[in-house]
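Novice: Listed below are the residues making up each chain.
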Amino acid sequence: MPQPVVARPLLRALNLLAAAMVAALLIPRPAISQTAKTKAAPAKSYTAPRTPDGQPDMQGVWSNAILTPLERPADLKDKAFFTPEEAAAYIKRTIEQGNKDRRDGSGTETDVSRAYNDFWWDRGTSIVKTLRTSLITDPPDGRVPALTPAAQKRAAEVREARRLHPADGPEDRPLPERCIVLNSAGPPMSPSAYNNNYQVVQTAKTFVVLNEMIHDARVIPLDGSPHVPSSIRLWMGDSRGRWEGDTLVVDTTNFTSQTPFRGSGENMHLTERFTRTDSETLLYQYTVDDPESFARPWSAAIPSLRTTGPILEYACNEGNYGMEGLLSAARFEEKKKSK
Amino acid sequence: MRTSVAVYLGIAGLLMAAAPAWAHHAFAAEFDAQKPVKLKGTVAKVEFINPHSWIHMDVKDADGKITRWMVEGGSPNALFRRGVTKDALPLGTEISVDGYQAKDGSNRANGRDITLADGRKLFVGGSNPDEQPGK
Chain A
855 MPQPVVARPL
865 LRALNLLAAA
875 MVAALLIPRP
885 AISQTAKTKA
895 APAKSYTAPR
905 TPDGQPDMQG
915 VWSNAILTPL
925 ERPADLKDKA
935 FFTPEEAAAY
945 IKRTIEQGNK
955 DRRDGSGTET
965 DVSRAYNDFW
975 WDRGTSIVKT
985 LRTSLITDPP
995 DGRVPALTPA
1005 AQKRAAEVRE
1015 ARRLHPADGP
1025 EDRPLPERCI
1035 VLNSAGPPMS
1045 PSAYNNNYQV
1055 VQTAKTFVVL
1065 NEMIHDARVI
1075 PLDGSPHVPS
1085 SIRLWMGDSR
1095 GRWEGDTLVV
1105 DTTNFTSQTP
1115 FRGSGENMHL
1125 TERFTRTDSE
1135 TLLYQYTVDD
1145 PESFARPWSA
1155 AIPSLRTTGP
1165 ILEYACNEGN
1175 YGMEGLLSAA
1185 RFEEKKKSK
Chain P
784 MRTSVAVYLG
794 IAGLLMAAAP
804 AWAHHAFAAE
814 FDAQKPVKLK
824 GTVAKVEFIN
834 PHSWIHMDVK
844 DADGKITRWM
854 VEGGSPNALF
864 RRGVTKDALP
874 LGTEISVDGY
884 QAKDGSNRAN
894 GRDITLADGR
904 KLFVGGSNPD
914 EQPGK
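Protein chains in written order, with the numbering used here: chain A, 855 to 1193; chain P, 784 to 918.
Worth double-checking, as some hints may not be accurate.
[To be verified] When the alpha-carbon atoms are kept at most 30 Å apart in a straight line, the in silico DSSO-like pairs for lysine-lysine are as follows:
1) K1191/A <-> K821/P
2) K933/A <-> K946/A
3) K818/P <-> K1190/A
4) K1189/A <-> K818/P
5) K818/P <-> K1191/A
[What the hints assert, rightly or not] Which chain P residues face chain A? A few, computed with CB under 10 Å, are given here:
6) F810
7) N833
8) H835
9) W837
10) M853
11) G856
12) N860
13) A861
14) R864
15) R865
16) Y883
17) A885
18) K886
19) G888
20) R895
[What the hints assert, rightly or not] Heads up, incomplete: computed chain P residues facing chain A, CB under 7 Å, no partners named:
21) E813
22) F814
23) I832
24) D887
Everything labelled a hint here was simulated from the structure, so no lab data went into it.
The C-beta atom is built at its ideal place from N, Cα and C for all residues, glycine as well.
Pulled out of the complex, with its shape left as it was, chain A reads as follows (with noise of 0.2 Å):
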């Protein structure tokens, strides 16, 4: 008989974890941002340690799991930070509805949804040290601002086209699904449900972004070079570093009109930025310019906390036995309908 696979207080945590991934359902999807004038400003107290180079040494690996949503929730209106109750009740609430054990609803397609388990989930179980309502930094409403008409328009052309052709064939599925991109491994990366580790690893002339959920290393050029000209789009969009003082700074552009980030165009310009602040914590900003799609530009920040490696493989497309389902399932239901 096969011994139970984790010792009990370890699973207790474990579930604690799981539990927190509750908390991002609640909210649209995650992602930080910051401005320079907010709350999470880097402490100037602290020095980080020096690569061989010189470089302010970033190298480990990360985690962005955290319970603080992306965007204030509606009913918090002008309240930016919780109390340190309202903190307690929040994670708390957000731990229970995430918990993938609940059994309620039953023959729904919610529980459905629940899919495995809360042992295989892993939101994090705390919000963020200043207990903001959002990592949306800016605008002060805590919310992505506005989309424009021309970003409407292309968001329900999307919608259109998935309502009428859901699963032809797995060009119409989500990126995610078809294995070529992961929202929350960005950029910009977010806090997602499982798998929210990131590896840095530094040269004197690259910054190397490896991210647990999927298979892409982003290597970012360091060395002044001008980002690909403007008719090369790419998947994470063309990024290129430089450092201000002791914080990386990455520009990147180049997107493609297929990885929407909450509404954002090909024609977003992002920047990153990467702050040692403490011993365990590597603040991670960015700002989303893109008029052509919101109101204004927004930002946000992920203190991501030094955690345990390694990074482990995400080999995606060889084990995606998911799509061949999901297409299976498409035609067993257009042959139901016909009949």
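Since chain A is already given, all that's left is putting chain P on it; use the hints.
Specialist: Chain P alone, transformed into the frame defined by chain A:
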């Protein structure tokens, strides 16, 4: 907190239905809520792979006929990080699976719960409201 739990449950429900990206792919597009299944059998093959794990099991019916089923789980990475290894589920282990069958009627299901012969839930640590303490 003034927000009622009902509101949050409603939102969570909507998002779970509308945002399958959390589970990498849309389980509701693959499995049928109208086809709940309870499978009992032995582990025949374990694939701790991405984007989703699969546990293959042999299910014996009343006539002794054996049918192979595939049960879908999550990404194994979090499990590995928590100390789970492939040895955690040896071949031949008796398990029961509660899940939903594939829409196309094939012998695939998602693994809502996987239970060992002695009643212990596999990969569950006590947060299951249905689980009895001490199990």
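Novice: Hint by hint, say whether it matches the structure.
Specialist: Consistency of the hints with the structure:
For the proposed pair K1191/A and K821/P, the alpha carbon gap of about 27 Å is at most 30 Å, so the pair holds. In summary, the hint linking K933/A to K946/A is supported, as the alpha carbons are separated by about 19 Å, within the 30 Å threshold. Our distance criterion of 30 Å between C-alpha atoms is met by K818/P and K1190/A, whose separation comes to about 15 Å. Proximity of K1189/A to K818/P is assessed by CA-CA distance (about 18 Å); at most 30 Å being required, the pair is judged to hold.
Taking the CA atoms of K818/P and K1191/A, the gap is about 18 Å. The hint holds against a cut of 30 Å. With a cut of 10 Å, the hint placing F810/P at the interface with chain A holds, because the nearest CB-to-CB distance is about 5 Å. Hint on N833/P holds. Least Cβ distance to chain A is approximately 5 Å, under the 10 Å limit. Checking H835/P against chain A: minimum C-beta separation of about 6 Å stays under 10 Å; hint holds.
A hinted interface residue such as W837/P counts as satisfied when its beta carbon comes closer than 10 Å to some beta carbon of chain A; here the least separation is about 6 Å, so the hint holds. With a cut of 10 Å, the hint placing M853/P at the interface with chain A holds, because the nearest CB-to-CB distance is about 8 Å. With its C-beta approaching chain A no nearer than about 4 Å, G856/P sits inside the 10 Å limit, and its interface hint holds. With a cut of 10 Å, the hint placing N860/P at the interface with chain A holds, because the nearest CB-to-CB distance is about 4 Å.
Interface restraint check for A861/P: the shortest CB-CB distance to chain A comes to about 4 Å, inside 10 Å, so the restraint holds. At about 7 Å, the closest approach between the beta carbon of R864/P and any beta carbon in chain A falls short of 10 Å, and the interface hint on this residue holds. Interface restraint check: R865/P against chain A, minimum CB-CB distance 6 Å, threshold 10 Å, status holds. Proximity of Y883/P to chain A holds as hinted, the smallest CB-CB distance being about 5 Å (cut-off 10 Å).
The interface hint given for A885/P is met, as the beta carbon of that residue sits about 6 Å from the closest beta carbon of chain A, less than 10 Å. Taking 10 Å as the C-beta cut-off, the interface hint given for K886/P holds, the closest approach to chain A being about 4 Å. With 10 Å as the threshold, the beta carbon of G888/P comes within range of chain A, its nearest partner Cβ sitting at about 7 Å, so the hint holds. The restraint placing R895/P at the interface with chain A holds, with a minimum CB-CB distance near 7 Å, inside the 10 Å limit.
Of the supplied interface hints, the one on E813/P holds, with its beta-carbon coming within about 4 Å of a beta-carbon of chain A, less than 7 Å. Interface hint status for F814/P: upheld, as the beta-carbon distance to the closest one in chain A is roughly 5 Å, under 7 Å. Annotation: interface hint on I832/P holds; nearest CB of chain A at approximately 4 Å, less than 7 Å. With its C-beta approaching chain A no nearer than about 4 Å, D887/P sits inside the 7 Å limit, and its interface hint holds.
When held up to the earlier numbered hints, the structure conflicts with none and fits them all.
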